[in-house]
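Quick mapping for you: the protein sequence lines, in order, are chains R and Z. When the letters of the first sequence are read in order and numbered with my numbering, they come out as residues 1 to 327. When the letters of the second sequence are read in order and numbered with my numbering, they come out as residues 1 to 310.
Keep in mind the hints are simulated off the structure, nothing from the lab. Since this is a predicted model, take the numbers as computed values, not measurements. Where hints are given, some of them may not hold.
Said to hold, decoys possible - Chain R is faced by these chain Z residues, among others (derived, beta-carbon under 10 Å):
#1 T79
#2 W80
#3 S211
As the list claims (entries may be wrong) - Here are the computed distance ranges between Cβ atoms for each label pair:
#4 S49(Z) with R139(R): 27 to 37 Å
#5 L303(Z) with R176(R): 49 to 59 Å
#6 R197(Z) with R176(R): 25 to 35 Å
#7 G80(R) with R214(Z): 51 to 61 Å
#8 I139(Z) with P82(R): 25 to 35 Å
#9 E150(R) with R197(Z): 25 to 35 Å
#10 Q154(R) with S49(Z): 51 to 61 Å
#11 R311(R) with Q198(Z): 33 to 43 Å
#12 R176(R) with R39(Z): 52 to 62 Å
#13 F158(Z) with E70(R): 57 to 67 Å
#14 E150(R) with A212(Z): 27 to 37 Å
#15 P149(R) with T286(Z): 51 to 61 Å
All C-beta atoms, glycine included, are put in the ideal place defined by N, C-alpha and C.
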Amino acid sequence: MSEGPPLLRVEGVRKYFALTKGILFTQTLGYIKAVDDVSFEIRAGETLGLVGESGCGKTTTSRMILNLEEPTEGRVLVDGEPIHGLKGEALSAYRAKVQAVFQDPWSSLNPRMKVGRTIAEALIVNAVGDKARIHERVRELLLQVGLRPEQAQQYPHEFSGGQRQRVALAAALASRPKLIVLDEPVSALDVSIRAQMMNLLKDIQTQDNVAYLLVAHDLATVRHMADHTVVMYLGKIVEQAPTASLFEDVRHPYTRALFSAVLVAWPGRQEEEIVLKGEVPSPLNPPSGCRFHPRCAWVMPRCSQQEPVLREVSPGHAVACHLFDNA
Amino acid sequence: MALADRPPSEGPALPRPRISVWRFLWPSRAKPGFRRTARVPWVSIAIISVIVVMALFAPLLAPHSPIDQTLRDKLLPPTWMAGGSDRYFLGTDAFGRDILSRLIYGARVSLVVALLALTAGGGVGLAIGIVAGYLGGAIDSVLMRLVDAAFTFPAILFALLLAVTMGQGLGTLVIAITLLLWASFARVIRGEVLSLRQRDFVALARVRGCSALRIMLTHILPNVLNTFMVLVTLNIGVVIIAEATLSFLGAGIPPPTPTWGLMISEGRGRIADAWWVALIPGIAVTLMVLSVNLFGDWLRDRLDPRLRQL
Numbered sequence: 001m002s003e004g005p006p007l008l009r010v011e012g013v014r015k016y017f018a019l020t021k022g023i024l025f026t027q028t029l030g031y032i033k034a035v036d037d038v039s040f041e042i043r044a045g046e047t048l049g050l051v052g053e054s055g056c057g058k059t060t061t062s063r064m065i066l067n068l069e070e071p072t073e074g075r076v077l078v079d080g081e082p083i084h085g086l087k088g089e090a091l092s093a094y095r096a097k098v099q100a101v102f103q104d105p106w107s108s109l110n111p112r113m114k115v116g117r118t119i120a121e122a123l124i125v126n127a128v129g130d131k132a133r134i135h136e137r138v139r140e141l142l143l144q145v146g147l148r149p150e151q152a153q154q155y156p157h158e159f160s161g162g163q164r165q166r167v168a169l170a171a172a173l174a175s176r177p178k179l180i181v182l183d184e185p186v187s188a189l190d191v192s193i194r195a196q197m198m199n200l201l202k203d204i205q206t207q208d209n210v211a212y213l214l215v216a217h218d219l220a221t222v223r224h225m226a227d228h229t230v231v232m233y234l235g236k237i238v239e240q241a242p243t244a245s246l247f248e249d250v251r252h253p254y255t256r257a258l259f260s261a262v263l264v265a266w267p268g269r270q271e272e273e274i275v276l277k278g279e280v281p282s283p284l285n286p287p288s289g290c291r292f293h294p295r296c297a298w299v300m301p302r303c304s305q306q307e308p309v310l311r312e313v314s315p316g317h318a319v320a321c322h323l324f325d326n327a
Numbered sequence: 001m002a003l004a005d006r007p008p009s010e011g012p013a014l015p016r017p018r019i020s021v022w023r024f025l026w027p028s029r030a031k032p033g034f035r036r037t038a039r040v041p042w043v044s045i046a047i048i049s050v051i052v053v054m055a056l057f058a059p060l061l062a063p064h065s066p067i068d069q070t071l072r073d074k075l076l077p078p079t080w081m082a083g084g085s086d087r088y089f090l091g092t093d094a095f096g097r098d099i100l101s102r103l104i105y106g107a108r109v110s111l112v113v114a115l116l117a118l119t120a121g122g123g124v125g126l127a128i129g130i131v132a133g134y135l136g137g138a139i140d141s142v143l144m145r146l147v148d149a150a151f152t153f154p155a156i157l158f159a160l161l162l163a164v165t166m167g168q169g170l171g172t173l174v175i176a177i178t179l180l181l182w183a184s185f186a187r188v189i190r191g192e193v194l195s196l197r198q199r200d201f202v203a204l205a206r207v208r209g210c211s212a213l214r215i216m217l218t219h220i221l222p223n224v225l226n227t228f229m230v231l232v233t234l235n236i237g238v239v240i241i242a243e244a245t246l247s248f249l250g251a252g253i254p255p256p257t258p259t260w261g262l263m264i265s266e267g268r269g270r271i272a273d274a275w276w277v278a279l280i281p282g283i284a285v286t287l288m289v290l291s292v293n294l295f296g297d298w299l300r301d302r303l304d305p306r307l308r309q310l
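One chain only, chain R, in its complex shape (with noise of 0.2 Å):
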């Protein structure tokens, strides 16, 4: 990939949501640990994947690279800048660089706005051009996205489900974004449809130099279109590499089950699946040392007292688990 600084840099990002009783002598309970010090890279026009199952901090993680929610400690930067009390101009400078698709094309459309007028939002908030160049542009971004520039006079009601997260891809491209956090894009849509939009989306990639930070939990899509996978466990990162060498040399055992759960049907491969026990402990109170110990089929005395770092095991290839420890 391209040498430079980082398009974006997320940096030992932490976020607790504090769980409080009562209304007017609030009393914290604890903290739920939703994001917990995870730190990694994404440069432009490159694809980051990250992974982990429901609960694991990715939405949390993805939220807070939007500015929709402040990193309890911890950094974003975007272009070199932290991005979290920014005001003004070099807000509004942020908000042009990074947009989002979100996972339910249901939601993230306003039922009583035009689509056009929502394409065009990002364009009329920032007062980039005349009415007639921000019309040109809305026309533009609906052949790219592959509907008809009549459709802009309709309302989110008349799409389908994956016209929908067109018109969603059209809006968030508006602004010649550098940066879009897709959030489970494609899990919403039918089979038949993602390898339509996930093609969309690598074709747009080309064209634009965007890069993709991919939020799944959904492996063949990461899979399909990542250069690096960033995997989530219980709010921390426990194994992260170039997606080619992780598909191949799958290394931390959370890894290897999730893994082994969608690749069994793999032709020529037949491995046994691994079949985790038990269910995500609460990040409310996680378990001390490495959190997978409890569930792990690899699980030393070490493991339940000693936090294992991510250590990179080959290049570019790092795990955050005990038995890579002399590795």
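Place chain Z on chain R using the hints.
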């Protein structure tokens, strides 16, 4: 009806459904075929239309002046009763004023008050509900405690106080009813906004760089208008009753302007010998409120079934 009218060739003979007046007025939820939501309240719509037409064209429709007194003709009963005059269809009051004409003009006052108070009270409640629900936090807490306070406030007492300090009149009446209404609007709208705020399109609007004000105006407001319209229709009845009550208590529109509440108030002393003076405007208020409520219920079920608890 439709079943009974159907020619026998179209299917097996079905027993003719018994049409019961009681069932029509009070449909039982337990009985099969109960579908109140589907029944368009034509009777209510007709009554409301008649009253609106009366209010709009009062000078053309009223046979007499609503204010001029003809003491010679005082307390005449309605036409169809013994001693009734052909000139006064619904009889006259203690000052010999035509009750029909006063009723027609009185509809104007009721509707004008309803329109103004609902615009003011509903508008304030809508704005506060949106601001509290969207911004949340301390602003929400403060505004909602204000709403709680408004609910505990005796509105009638306050209206009487206003009438004493500001003098009677349309303005006083509208202010009093506005104070009575805004809180319930604010509470319901806030609840609606709380759920809307969680929707992705609001988060995406923030991502696109919309200010809080812009989000409230372009994303939240259009999505609560349905609920707002339902609340407005459901509250027309409340306003009409409030106006009638306050006029009855002497805190509303001062005489001799005819309002339905005032007419009831003036007639109540003679309810034994000249019942029509109080009863006829009473029936008008009842019909109007009932119609508006039935219409509001229907509109609520059609537009926003989630509001059923109201």
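Hints, one by one, checked against the model:
1. T79: violated, 53 Å
2. W80: violated, 53 Å
3. S211: holds, 8 Å
4. S49(Z) with R139(R): 27 to 37 Å: For R139(R) against S49(Z), whose Cβ atoms are near 46 Å apart, the range 27 to 37 Å is violated.
5. L303(Z) with R176(R): 49 to 59 Å: violated, 40 Å
6. R197(Z) with R176(R): 25 to 35 Å: holds, 28 Å
7. G80(R) with R214(Z): 51 to 61 Å: violated, 29 Å
8. I139(Z) with P82(R): 25 to 35 Å: The hint (25 to 35 Å, Cβ to Cβ) holds, given that I139(Z) and P82(R) are roughly 27 Å apart.
9. E150(R) with R197(Z): 25 to 35 Å: Check passed, 32 Å falls within 25 to 35 Å.
10. Q154(R) with S49(Z): 51 to 61 Å: violated, 35 Å
11. R311(R) with Q198(Z): 33 to 43 Å: holds, 39 Å
12. R176(R) with R39(Z): 52 to 62 Å: Once the Cβ atoms are compared, 54 Å apart, the range 52 to 62 Å for R39(Z) and R176(R) holds.
13. F158(Z) with E70(R): 57 to 67 Å: violated, 43 Å
14. E150(R) with A212(Z): 27 to 37 Å: holds, 33 Å
15. P149(R) with T286(Z): 51 to 61 Å: holds, 57 Å
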